[in-house]
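Dock chain U against the given chain W, drawing on the hints supplied.
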Amino acid sequence: MDLPNDLRYTDSHEWIRAESDGSVTIGITDHAQAALGDLVYVELPKPGRSVAAGEACAIVESVKAASDVYAPLAGTIVAGNDDLAGKPEAVNENAYAAWLFRIQPADADDVRKFMDAAAYSKLIAEA
Amino acid sequence: MLKTTPLNALHRESGARMVDFGGFDMPVNYGSQIDEHNAVRGDAGMFDVSHMRVVDLHGDVAEGPRAFLRYALANNVDKLTVPGKALYSCLLRDDGGVLDDLIVYFLGEDFFRLVVNAATADKDIGWLTKLATQRAPRLSIVPRVDLAMIAVQGPAAREKVWRAIPNSEPATASLKPFNAVTVATPFGELFIARTGYTGEDGFEIVVPAARAADVWRALQAAAVSACGLGARDTLRLEAGMNLYGQDMDESVSPLESGLAWTVDLASARDFVGKRALASQSVARELKGLLLVDSGGVLRAHQAVHTSLGDGEITSGTYSPTMKQSIALARLPAGIAVGDVVHVQVRDRRLAARVVKPPFVRHGKVIVT
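Top to bottom, those sequences are chains W and U.
Numbered per our numbering, the first sequence spans residues 12 to 138.
Numbered per our numbering, the second sequence spans residues -5 to 362.
Warning: the hint list may mix true and false statements.
[Unchecked claim] Label-pair distances were calculated between CB atoms; the ranges are: (1) W/Lys57 / U/Ala204: 53 to 61 Å; (2) U/Gly17 / W/Lys133: 28 to 36 Å; (3) U/Asp243 / W/Lys98: 34 to 42 Å.
[What the hints assert, rightly or not] Here are the simulated lysine-lysine pairs, DSS-like style, with alpha carbons at most 25 Å apart: (4) U/Lys170 / U/Lys73; (5) U/Lys350 / U/Lys317; (6) U/Lys358 / W/Lys98; (7) U/Lys317 / W/Lys98; (8) U/Lys117 / U/Lys(-3).
[Claimed, not checked] Calculated from the model, a selection of chain W residues having no Cβ within reach of chain U, i.e. all distances over 10 Å: (9) Pro15; (10) Ser61; (11) Tyr81; (12) Asn105; (13) Ser132.
Derived by calculation from the structure, the hints in this document are not laboratory data.
Predicted model only: the values in this text are computed from it and were never measured.
The beta carbon of each residue, even a glycine, is placed where N, CA and C say it ideally should be.
Here chain W stands alone, though its shape is the one from the complex (with noise of 0.2 Å):
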């Protein structure tokens, strides 16, 4: 299962990556997609919303299920990735990439609390 080494990991399988700009950016893991099956609608937080670290503020539902997308850490949702709305199996081809929304943490020191990716490993390792 591929796991960048450049991101952090969620334990409800969220990946972070943190950009140059000081925001962080929010997707799920081929873990994830893998375990959901091929996704038919993604539902994303509008820019401005703020959000509490580990609130649901994203869908992404399969041909088998709904599941909810949490935010990481508390923050400003700066930007969802609106093509996905007409794309969202663009997250089955490659998880990584296609990203779901991007936070502007309140506190950017946050980041580094979360798994990196041999933790992750393990952790799916063992599920």
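Same frame as chain W, but now just chain U:
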């Protein structure tokens, strides 16, 4: 501990994602469920359906399986006059609740075959055995755990089966839909039925368990795509076919499950559940829904708001063929085809149109 079918090792070798279905460890997909769905609509796909149970009924002609099934089943086995002919029926409780849905094959006056659902098989066999002790004590009820079953479905299914299984073509080329025949092949004696659960042409092949993997590999060599239960579910829902345990169960009557066409209340024949159904007022009906708004996917248990009160989705999914969400829903009686209702999807009410299933048959969308 999950049960396994004779094809379990093959599924795992092909990297299938496995799930618990009816107590069996079954493949839900081998990669993309949508690709598997499309293979069946456009070409040919195969499903391991060995979790379903074949149950053979043998008895002498005088006190035989026909008289027993005439009473035990809601549909009338007297419609079966030519050997090999199949019939879809519900198995009902005395109060009209649906114990299971099944296919019954007439193979001879001394031999009928049932194919029942996996999760309900033991319950069905117990029920039939109890009924037989009262009505047909010499009847023998034989669960065939020595058999496996592979469904091959799609416009190219029959042709690919003929290529994969020597001797199968002469015996089945003129076989009509809902008929079956027994064929001697290099894979042993196969029971080949022109039935399925996808809305496409094809066969369901009952094979000795020990030869199931050989048949599967031969079909693979004939370019039949392996398909999981995920695709099977979207295909059957597009085809407007009920799934037991989801669209109906013991708590509802077939008349409220879109299955009135399978229940014969008109004839003088008595059968289990008849009295209850004859006096029942039908307050709800199973209808098709087509999502009009965007904003999610229709799913089982979502509430449906109508002008006559609330109903509930029993099965919902995204239709890969229609690229739109579809559902079966139990709605207040009186809600008609063409009406617009509203489905509660999370915090929104999304408009959906009431339609008459099936949605798709033989590769073509038939509701709009």
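Quick rundown of the hints versus the structure:
no.	hint	in the structure
1	W/Lys57 / U/Ala204: 53 to 61 Å	59 Å, holds
2	U/Gly17 / W/Lys133: 28 to 36 Å	31 Å, holds
3	U/Asp243 / W/Lys98: 34 to 42 Å	38 Å, holds
4	U/Lys170 / U/Lys73	15 Å, holds
5	U/Lys350 / U/Lys317	18 Å, holds
6	U/Lys358 / W/Lys98	24 Å, holds
7	U/Lys317 / W/Lys98	12 Å, holds
8	U/Lys117 / U/Lys(-3)	16 Å, holds
9	Pro15	22 Å, holds
10	Ser61	18 Å, holds
11	Tyr81	15 Å, holds
12	Asn105	14 Å, holds
13	Ser132	19 Å, holds
Violated hints for the displayed structure: none, as all numbered hints are satisfied.
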